[in-house]
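Visitor: In case you want the letters, here they are:
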Amino acid sequence: MAGSLKVALVALNAPGYRSLALGYLRAYAQADAKLAGKVAFQTLDLDSEMDAWWVAYRVATMAPDVVAFSVTVWSARAVFDACRLLRRALPDVRILLGGPEVGPVAEDVLLANPAVDAVVRGEGEVTFAEVLRELTAAGKLWRVDGVTTRRDDRIVSADDRGLVSDLDTLPSPYLAGVMEPVEGATFLETYRGCPHRCGYCFEGKGYGRIRHFSAERISAEIAWVARTARLTSFSFIDPVFNLTEDRLAWLSDTLQPYAEAGVRLHTVEVDIERVSASQAAMLRRAGVRSVETGPQSVGATALQTCRRQFDPERFRLGVEACKAAGISVETDLILGLPGDTPEDLTAGMRFVVSLDGGKVQMSTLHVLPGTPLWAEAPGLGLLFDPEPPHEVIATRQVSFADLRRAEVMGLALQREYEARS
Amino acid sequence: MLLYPEVPIGGSLVACARCARVPDAPPLSAEDVGAAAARLAAGGALALVGADAFAREDWAALVHAARAAGVTRLRVDGGPALSGAGVAERVLAAGVRHVRIGVLDANASGDCGRDALAAGRAFAEAARRTGVKAVVTALLPLCRHNLHDAPATVAEIAAAGVAEVTLSIADPSLPAGPAAPWLAAAADSGTVNRLWVRIEGVPADAVPGYGLHFTAPFALAGES
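In order, the protein sequences belong to chains A and B. Under the numbering used here, the first residue of the first sequence is numbered 12, with each subsequent residue one higher. Under the numbering used here, the first residue of the second sequence is numbered 200, with each subsequent residue one higher.
No lab work stands behind these hints, which were simulated from the structure alone. Every value quoted in this text rests on a predicted model; they were computed, and no experiment measured them. Ideal Cβ positions, reconstructed from N, Cα and C, are used throughout, including at glycine. A couple of the hints might just be wrong.
Label-pair ranges, simulated between beta-carbon atoms [said to hold, decoys possible]: (1) B:H347 / A:A335: 50 to 58 Å; (2) B:P371 / A:E354: 24 to 32 Å; (3) B:H347 / A:E387: 45 to 53 Å.
Bound-form chain A, shown alone (with noise of 0.2 Å):
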């Protein structure tokens, strides 16, 4: 395909949020040189309760040479969908698809559902940018590092294609004014891995080690978010926010002055039983006044086949710390662990509520792709729904029945445990 591209990339987010990846994807194609007077761009945000059909037609209406969804757990559905109507609709538009539901699966993707073009997977900044090139030259998509598409009637995959080493070289979408910032949805990354490897999670995105954006970068964005902006609420999207107790303190000692002001970070994500009295003021220091943590489960057998350490006493006095700064917590439990057995469940809501935090969430578990859950199912005879948003069904532990009869009772306790004046 010659010439310019018209390019819509499409998110179906949680109402009120944006997609950061599509920022960050459209901040380093716009860079690009090479891309420079050729691509055009339009990012839409949509709804993830949308219809298919109305997702289709937002995307049709643009006439769009490509269209790129970034895909999740939650939008799978939709997204293959519209994906379909578009087909038809559009049937010379190349469809596109990246993010973790279809990144680590693309192969699978691309056999069940044969309106889309190429799987962009894994890190997608750089791909994306060599697809949009190949698309207005050649056109053979199958010789990009890290693209899944179609050659003549074969699914076809290229290598791999390396990490970004020094993240600094992707562009801002803040900085870069791809994404205005917008009073309680704008989240900031600082970096990319995760210190840990639950086995139901996609965090790390198969990263395998951290990788962070330098401080001078964070210190601007924090400032084009909180002085620029004017933003009097914004967070952060790294999983372990008090990674270590230096960089908190860095990011405490650099937020302080615009929590002076009144900026106010909404529920960052914490490792809770590293979290001190001086862990917590620097919390309170940085504007943090609601934190995010685990434990997801309190038996041992799951968590051992989760890789996750849990110290109740710990998880306890982290939490009381965080009070006594006055930052509440929202202890997490999932349901539906493999090893987890019906008492571990009860168990493990009657510790949350013990703890009395000030919010708690429990869920079923999904199994996400590219997740060791996902790769060790058979094993552990974890049985979950093959589509999306893949949740579990049953466990050896735990039947069908009682599964669900733990969903309805955590969302009851919750209910209640929130209802308090």
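On the provided structure of chain A, position chain B as indicated by the hints.
Guide: The following block gives chain B in isolation, referenced to the frame of chain A:
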């Protein structure tokens, strides 16, 4: 799901008229409620149990007495009085966030039937309108007169937006064995309608496979 030390404030929330009645407790004054709250609510939780508290002229004084004694998590037994004009709003303004209604037969008229469900709806609606997080739970005492209607009653309670219902075997002459299928059906009726059903008054092994429904209430920090 949560544990509440109970203070009887007089009367009975719900009782079958055809069963032998236990005499109701005499009405408790606001002063007595405050004293009981100070004695029982070490962790801040308390339930005022008895006849529809909001039918009493001094209901606000009862609530204030409990809160003044340090109660931060208060459940109050309520009924048709909540459906009165502006009552639910005033109850919420007084700081009540959890009301328990009593139901015997959802298809019957009266305080323990449709009127109780309407009261629960009124409270829930008022909370939604005012943007306050509140919850309605229910007590469904079971005897030989309403056991067979339990599954349908649970479905109606679910439709009223209630979060949890406790099925309490109130009839000592009701054997656990014959009651078990009805308890199981009522529990299933709740689950499919996303209403949590808790069962008490029979041993858990009387209803095999339904052990979760016998889970004891949970206590918060500082509560026993």
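Visitor: For each hint, tell me whether it holds in the structure or not.
Guide: Going down the list of hints, with the structure as the test:
1. B:H347 / A:A335: 50 to 58 Å: Since H347 of chain B and A335 of chain A have Cβ atoms about 53 Å apart, the given range 50 to 58 Å holds.
2. B:P371 / A:E354: 24 to 32 Å: holds, 30 Å
3. B:H347 / A:E387: 45 to 53 Å: Roughly 47 Å apart at Cβ, these two residues keep to the hinted range, so it holds.
Violated hints are absent here; each numbered hint is respected by the structure.
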